[in-house]
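J.: Construct the entire structure; sequences and hints are all you get.
First to last, the sequence lines map onto chains A and B. For the first sequence, my numbering assigns the number 1 to the initial residue and increments by one for each residue that follows. For the second sequence, my numbering assigns the number 1 to the initial residue and increments by one for each residue that follows.
Keep in mind the hints are simulated off the structure, nothing from the lab. Mixed in with the good hints there might be a few duds.
With a Cα cut of at most 35 Å, we get these calculated DSBU-like pairs of lysine-lysine [stated by the list, open to error]:
#, chain 1, residue 1, chain 2, residue 2
1, A, K91, B, K188
2, B, K30, B, K129
3, A, K130, B, K49
4, B, K5, B, K24
5, B, K184, A, K145
6, A, K130, B, K30
7, B, K154, A, K127
8, A, K130, B, K188
9, B, K188, A, K145
10, A, K145, B, K24
11, A, K130, A, K147
12, A, K74, A, K55
13, A, K147, B, K49
14, A, K74, A, K147
15, B, K77, A, K130
16, B, K154, A, K147
17, A, K130, B, K184
18, A, K74, B, K184
19, B, K184, B, K165
20, B, K155, A, K127
21, A, K130, B, K79
On a predicted model such as this, the values are computed, not experimentally measured, just so you know.
Okay, here's what each chain looks like letter by letter:
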Amino acid sequence: MSDHTRATSRHTGLNYYGFVVILMTLSFIGCSSTAGIEGSMSATTEQGGQTVYSKQVVINNDSLARDIQIVDMKSDFVGNLLRAQVSLVNKDNDTINFQFKFSWFEESGREIDPDTDAWTPVILYGKESKSLQGVAPNPNAKEFKIKIRELSNE
Amino acid sequence: MHGLKYFVCGLSIVIVAGCATSVKYEDATKVETTTTDFGSTDLQQIVNKMVDSLLTFPPIVQVTNERRPVMFVNTIKNKTLEHIDTESITDSIRTKIVRSGKFRFVDMTKVDAVEKQFEFQSESGVVNKATTATFGQHIGAEYMLYGNFSSIVKKAEDVQDIYYKFTLNLMHLETGIIEWADEKEIRKTSERSLFGR
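T.: In structure tokens, the structure reads:
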């Protein structure tokens, strides 16, 4: 094999490696996680008639949680409908497009009309804070959960 | 080198095989951005915003705490440039309001069918008289729900911007007062990418 041929072979080999890397990179682009952040809050009425609220935040997507933080969760009753407010802040300087949905639960823990609330797209500009609000579908709701996910096609 | 060639060929076949037509069920509540045309996510956002706003408006909360008023849905005027089934939007709004237990509805689109059923029950001789529905017992609606749906479309060479505005009003029939109104605005843009040319 002449020097010229060897040089060409090496060159061709590098192209194959480059092609494989590009092909694999293209294959994996768009595979963002469908897991997100979940915040839940329940309102329990104690014997004295006092309402006690408990909150919980579960992070299933560390990458998303680095950008979006649940700052506060509040709930009150409008008439007898539970109203939820979740305050978020964008910790990043860039705009974040994400989606959220509320789920509503009775005091017994039974979910009300599962899968009826739709995912709602939201834009959060750099360092912006925003409140997301939801109203329970009926007066039986005593607990809510908010699910936040990246905005992807999945 | 031959091994690498086979690997590249194999990988290419696997990727190309994914281009075959396949059918799968999708989440009906997921965010849909196929085109900028009116879609399911727009409908769901409009319904959520309108119903949440209506049911939490203080004067309405006061009325619905005491009783379940009766309303009917008039048409939503489609002033957009698209063909949009606005009855589908009002159907969803009505369903969500009914399921809240705060209002009751009468359906003006079914008046003819109800009349025919009354005629059948009273005049056909087939129905047991003891079980026939009494004529003239329908409850009159107290409120009317109506609205407009409009859009502004702007196009540049590679960019399209659509702005939708959905307005809904609740009128008290006896007094003609609009007791509640709200709007939902939606903006969508599409941009043709370099590779999409």
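J.: Does each hint hold? Answer for all of them.
T.: Status of each hint after checking the structure:
With a CA separation close to 25 Å, the supplied pair K91(A) and K188(B) stays within the 35 Å bound. About 51 Å separates the Cα atoms of K30(B) and K129(B), which puts this hinted pair outside 35 Å; it is violated. With a C-alpha separation of about 16 Å, the suggested pairing of K130(A) with K49(B) holds against the 35 Å cut-off. For the suggested pair K5(B) and K24(B), the alpha carbons sit about 33 Å apart, so the restraint of at most 35 Å is met.
As the CA atoms of K184(B) and K145(A) are separated by approximately 24 Å, the hinted pair is consistent with the 35 Å bound. Proposed proximity of K130(A) and K30(B) is supported: the alpha carbons are some 22 Å apart, at most 35 Å. Of the pairs offered as hints, the one joining K154(B) and K127(A) holds, with about 30 Å between alpha carbons and a cut-off of 35 Å not exceeded. The suggested pairing of K130(A) with K188(B) holds, with an alpha-carbon distance near 20 Å, which does not exceed 35 Å.
Distance check on the hinted pair: K188(B) and K145(A) sit about 28 Å apart at the alpha-carbon level, within 35 Å; holds. For the given pair, K145(A) sits about 28 Å from K24(B) by alpha-carbon distance, which is consistent with the 35 Å threshold. A C-alpha spacing of about 15 Å is found between K130(A) and K147(A), which places the hinted pair at or below 35 Å, so the restraint holds. The suggested pairing of K74(A) with K55(A) holds, with an alpha-carbon distance near 9 Å, which does not exceed 35 Å.
The straight-line distance between the Cα atoms of K147(A) and K49(B) is roughly 18 Å, inside the 35 Å bound, and the hint therefore holds. Proposed proximity of K74(A) and K147(A) is supported: the alpha carbons are some 15 Å apart, at most 35 Å. Between K77(B) and K130(A) the CA atoms are separated by roughly 33 Å; this keeps the pair inside 35 Å, and the hint holds. With a C-alpha separation of about 34 Å, the suggested pairing of K154(B) with K147(A) holds against the 35 Å cut-off.
The straight-line distance between the Cα atoms of K130(A) and K184(B) is roughly 18 Å, inside the 35 Å bound, and the hint therefore holds. A C-alpha spacing of about 24 Å is found between K74(A) and K184(B), which places the hinted pair at or below 35 Å, so the restraint holds. For the hint linking K184(B) to K165(B), the alpha-carbon distance of about 6 Å falls within 35 Å, and the restraint holds. Note on K155(B) and K127(A): the hinted pairing holds, with a Cα-Cα distance of about 31 Å set against a maximum of 35 Å.
Between K130(A) and K79(B), the direct Cα distance comes to roughly 32 Å. Compliance with the 35 Å bound is thereby established for this hinted pair.
In summary, the structure is inconsistent with hint 2 from the numbered list given earlier, while agreeing with all the others.
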